[in-house]
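Protein chains in written order, with my numbering: chain A, 1 to 645; chain B, 1 to 214.
Treat the hints with caution; some may be incorrect.
[Said to hold, decoys possible] With beta-carbon atoms standing in for the labels, derived distance ranges: (1) Leu508/A / His109/B: 23 to 29 Å; (2) Pro202/B / Thr79/A: 36 to 42 Å; (3) Ala347/A / Leu74/B: 52 to 58 Å; (4) Phe60/B / Phe315/A: 52 to 58 Å; (5) Ala123/B / Ile344/A: 35 to 41 Å; (6) Ile344/A / Arg79/B: 41 to 47 Å; (7) Leu125/B / Val470/A: 50 to 56 Å; (8) Leu125/B / Val246/A: 18 to 24 Å; (9) Glu105/B / Gln14/A: 31 to 37 Å; (10) Arg632/A / Met112/B: 24 to 30 Å; (11) Gly515/A / His106/B: 32 to 38 Å; (12) Val601/A / Leu86/B: 35 to 41 Å; (13) Val246/A / Arg79/B: 38 to 44 Å.
Calculated directly from the structure, the hints in this document are not laboratory data.
By construction, the Cβ of each residue, glycine as well, lies at the ideal position given by its N, Cα and C atoms.
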Amino acid sequence: MNTTSEVDLTARNQVPPSEADRQALEATWRDPAGLVGWFSAINHKTIGVRFIVTAFGFFVAGGLLAAVMRLQLARPQNTLVGPDLYNQLFTMHGTTMMFLFAVPVMQAMATYLVPLMVGARSIAFPRMNAFAYWLYLFGGLMLYIAFALNIGPDAGWFTYVPLAGPDFSPGKRVDFWAQLITFTEFSGLLEAVIVITTVFKLRAVGMTLNRIPLFVWAMLVTAFMVMFAMPAVMLTSTALILDRLVGTHFFNPAEGGDALLWQHLFWFFGHPEVYFIFLPGLGFMSAIIPTFVRRPIFGYSAMVLALIATAFLSFGLWVHHMFATNLPELGKGFFTAMSLMIAIPSAVQIFCWIATLWTGRIHLKTPLLFVLAFFFILVLGGMTGLMLAMVPLDLQVHDTYFVVAHLHYVLIGGAVFPLLGAIYYWYPKITGRLMNETMGRWNFWLFFIGFNTAFFPMHLLGMKGMPRRVYTYPAGMGWDTMNLVATVGAVTIAVSMLLFVINVWRSLRHGQVAGDNPWGAGTLEWATSSPPPAANFDALPVVHGREPLWEAAPEPTQVRGMATGQREVLVTTVVDARPDHRSVFPDSSIWPFISAVATTVLFVGSIFTPWAVVWASVPVAIALTVWFWPRRGETEREMLLEKSP
Amino acid sequence: MTVEQALARAQQQVRQEGAALDVAELPSYGFSHRSILWWATAGMMAIEGTVFALAVAVYFYLRSHSATWPMSSLPPELRYGTANTLILLVSLLPNEWAKRAAEKEHVGHVRMALVICMLFSLAFLAVRWLEFTALNCRWDDNAYGSIVWMLMGLHTTHLLTDAYDSGVLTTLVFTQKMDGKRFVDVSESAMYWYFVVLTWLPLYAVVYWGPRFV
Chain A
1 MNTTSEVDLT ARNQVPPSEA DRQALEATWR DPAGLVGWFS AINHKTIGVR
51 FIVTAFGFFV AGGLLAAVMR LQLARPQNTL VGPDLYNQLF TMHGTTMMFL
101 FAVPVMQAMA TYLVPLMVGA RSIAFPRMNA FAYWLYLFGG LMLYIAFALN
151 IGPDAGWFTY VPLAGPDFSP GKRVDFWAQL ITFTEFSGLL EAVIVITTVF
201 KLRAVGMTLN RIPLFVWAML VTAFMVMFAM PAVMLTSTAL ILDRLVGTHF
251 FNPAEGGDAL LWQHLFWFFG HPEVYFIFLP GLGFMSAIIP TFVRRPIFGY
301 SAMVLALIAT AFLSFGLWVH HMFATNLPEL GKGFFTAMSL MIAIPSAVQI
351 FCWIATLWTG RIHLKTPLLF VLAFFFILVL GGMTGLMLAM VPLDLQVHDT
401 YFVVAHLHYV LIGGAVFPLL GAIYYWYPKI TGRLMNETMG RWNFWLFFIG
451 FNTAFFPMHL LGMKGMPRRV YTYPAGMGWD TMNLVATVGA VTIAVSMLLF
501 VINVWRSLRH GQVAGDNPWG AGTLEWATSS PPPAANFDAL PVVHGREPLW
551 EAAPEPTQVR GMATGQREVL VTTVVDARPD HRSVFPDSSI WPFISAVATT
601 VLFVGSIFTP WAVVWASVPV AIALTVWFWP RRGETEREML LEKSP
Chain B
1 MTVEQALARA QQQVRQEGAA LDVAELPSYG FSHRSILWWA TAGMMAIEGT
51 VFALAVAVYF YLRSHSATWP MSSLPPELRY GTANTLILLV SLLPNEWAKR
101 AAEKEHVGHV RMALVICMLF SLAFLAVRWL EFTALNCRWD DNAYGSIVWM
151 LMGLHTTHLL TDAYDSGVLT TLVFTQKMDG KRFVDVSESA MYWYFVVLTW
201 LPLYAVVYWG PRFV
C-alpha cells in the first residue's frame, strides 16, 4: 500500500526492468507490516502459503485420529477407545480428510501457483481469496473445538439420514458437521470462481488456451466441477440442518420426505468430489514428469481432453455409491457402464505419461519418486474401482474394509503421493531453498511401504467380511493378524510423515539455496526469483509456446508500460490471450478478515438459533459494505491511470 | 560451463533484455466479458443457478413420492405471486436503462435509473412478504411445505441481497466520483438483476402452477 507522498502513481515499468521499477513494484504490491498488516494480507502467495500450511495441519490432525483408530483395532476386544468416541473418530477423520484437507489443499496450491504459472501479477479477486481462506480456517477450527468439547460429529463423513436426522441424532453433533460443510463449500466455491477468472483473464500475453500448463488446465477443469457439484452438498446439508432445527420434513418419510433423497444429493456432489481431489493430482503429475525427463509432455491435447472427459463422466457415477439401495436394477446398469467408461480417459493420461517417461531422459529425484508411486498405487485402486462398479460384487463387499482399502488406494495414490511430490517440487520456489534429498528418499520409501502395509491387508479383511466403522471385533474371526499388520503400516506412515515435517522445517534454514530454476523446468513460475517478489514478475512475460523457458524467445519477450506505483494487472482475452486492458487491483485490507469473523458468527450462531441468520446478517452486511467502499482518494488515484476503451 | 548452461544463460539474457510489448496505451477498463467482474458475476450465476435447478429437482422428486400434491393443503394463492412476477418483469426496463446508461457513461441517467430500480426493489420485497402469507402452507407441515418454503426462501434471499447491494451501489454513484470502473460495476449489477428475475420465472411456474397442473 502506498501512502507516502513521494510515490509516483503514474510511473510505468521499462524493459529490461530497472532497479527503480523493482523497488516501486515491491513497495506497491507488498502486504503491510505489523499485526494489523498480518490480518490484512491479501497477496496470493501469502494467502497460498497460509492455506497450504493450514491444510497440512488438518492433514496431520486427521492422520492422528486415524492412528488412534488403528491402535484401537490392533488387537481384538481392545478397550483403548469406546464406541461413542470411535464414532466421532471415524467421522472426524473422514470429514477432515475430505473437506479440510484434500479439496482445500488443492485449491491452496492453485492459489499460490496458478498466477505464477500463467504469468500474472496477482490472483483475480485477491480480497475474496483472503476471505475464502479465513472462512475455511474458521470452519475447521469450529469443528475441532466442537470435537474437543465432545460434540464432534459422529454419523460418518457422509452423514446418512435417518441416523443423522433429529430422531436418531439428538444434540448438536450433526449440526456442527452440517455447518462445517457450509463453511468449506462456501470457501471452495469462491476459490473456484477465483481460479476460473485468473486462468481466463489474467494470463500472460501469448499464452493461448492451448499453451497453458497442464496443472493449470487441471485446476481450471476442477474449478468448473466444483461450481456445479458443491451446490448439491450445500443444499442438502442446509435441508438437513433445517430438518433438525426448524422442523422441516425433507428426509422424514412420515411427512412425505425421503431418506434416499439425501444419498442422491450427497453423492451427486460426493462422486465429483473424488475428482476434485484426483484431477489436481493428475495436474501435479503432468507438471513434474516433463521436468524430470527433460522433454515436453506427450499428447498435450489428448491430456486436456481426457481431463474434460473425466470431469463430465464424474457427474454420471453417483448412484454407484447407492447400489445397496432399492433403486431399479436397469438404472444401476447405466451407472456401472459410466463407472467403467471413466477408466478410458484415465488410461489415456496414464499412457501419455508412460510415453513421456519412455522417450525422455529420467532424472530420479524425490518429486519423481512420488509421481512414479502413483502408477502402482492408483492403478491398483482403479482396478478395485472397476470391481466395485459391478453391482453383484459391490453388494458382497459393501460397507466392508474392501471399500476402505479401495478409497485409500485411489485417494492417497491418486492425490497424496503426487501432492507430496509437488511439495518437494515447488518448495524451492516458495522458500528459495531445496528440501533435503536423502531425507526425501527415506520419507518416500517409508510412506510407500507403510501405505501398502496398512491398506493392502484391508482388501483381504473386507473379503473376509470385516465391516467398516466397527470399534472392535471378537478374536477368532481370522482378522487379528491382518489388523495388526495394518496398524504396523499406519505407524510406519506416521514416521514417514514426521520425517516430511522435519524436512520441511529444517530445509527452511538449512536447505541448499535453490536459485530461480533449480530443476531446469519449462513453465513460467520458474522464470522469476525464488521466493518470487510481491508482484511476481518485474516485467510481465510474453509467451510464445507451451514451455516458454525451454524455447528460444522470439520478440517481444516482456511487457512494458505497466504501472509500478499502483497495483495494476494486465487483462487478456479468454482464448488467444491478446492484451485487452489494464486494471487496478485493490489494496490490502483487514475487512475480508473481519467479514469472515462476522460470517462465522452467523454460521455458528445458526446452529443454536435460526434467528442468528437474521441478526448476524447485520454485521456481515456492514463488514462487506466497508470492504467494498472506496477509500479516500482511491478513485482519484485510479483515475490517474484511466483510459476509456 | 556446459553447452546447456550456456544456452540457458543466453536465453535468460534474451528474456531480460529482449524487445518489449508496450501496453501503456491500453484502456483501463472494459465492459461485458472483457471485465473480470463479469466473470465473477457469471460464476456466481452458474453456482446459484445450479442451486435453483437442484431445488426444483428436489421438488419434483418429492412430488413423485406422494399420491397427492399439495399433500394436505390448497396450492398457493395466485394473486400476489403473479403480481410480483409482473413487477419483476417490468423492473427489467429501468434495469436495462441503467445498464445502457452505464455503458454510455452517462452519470445523470445512471443515477435516475438506479433510483427507479430501488423503488422497484421496495415494491417487490413488499409483495414478496404478502406472497409468504398466501402460500397456504408452513415449512413444518410436511415435505411439500418444506420444499415450497425452501424455493421461496432461496429466491427471497437473492431479492434481499440484491436490493441491499443495489442500495449500496446507488449511494456510491451519488456520493463518489464516477470513474470507468464504477460504470462497469453498474453494468454488471444490472446483468445480475437479469439473472434474479429470469430465474424467478421457472420458480414461479413450479411453486404456483406445479401443484395445479403437474
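A quick look at each hint next to the structure:
1. Leu508/A / His109/B: 23 to 29 Å: 58 Å, violated
2. Pro202/B / Thr79/A: 36 to 42 Å: 57 Å, violated
3. Ala347/A / Leu74/B: 52 to 58 Å: 57 Å, holds
4. Phe60/B / Phe315/A: 52 to 58 Å: 19 Å, violated
5. Ala123/B / Ile344/A: 35 to 41 Å: Given a distance of about 55 Å, which is not inside 35 to 41 Å, the answer is violated.
6. Ile344/A / Arg79/B: 41 to 47 Å: At 55 Å between Cβs, range violated.
7. Leu125/B / Val470/A: 50 to 56 Å: About 53 Å separates the Cβ atoms of Leu125/B and Val470/A, which means 50 to 56 Å holds.
8. Leu125/B / Val246/A: 18 to 24 Å: Since the Cβ atoms of Leu125/B and Val246/A sit about 22 Å apart, the hinted range of 18 to 24 Å holds.
9. Glu105/B / Gln14/A: 31 to 37 Å: 32 Å Cβ-Cβ, so the 31 to 37 Å window holds.
10. Arg632/A / Met112/B: 24 to 30 Å: For Arg632/A and Met112/B the Cβ distance comes to about 27 Å; the hint holds.
11. Gly515/A / His106/B: 32 to 38 Å: Violated, since Gly515/A and His106/B (Cβ atoms, about 54 Å apart) do not stay within the stated range.
12. Val601/A / Leu86/B: 35 to 41 Å: Cβ of Val601/A to Cβ of Leu86/B: about 39 Å, so the range 35 to 41 Å holds.
13. Val246/A / Arg79/B: 38 to 44 Å: 27 Å, violated
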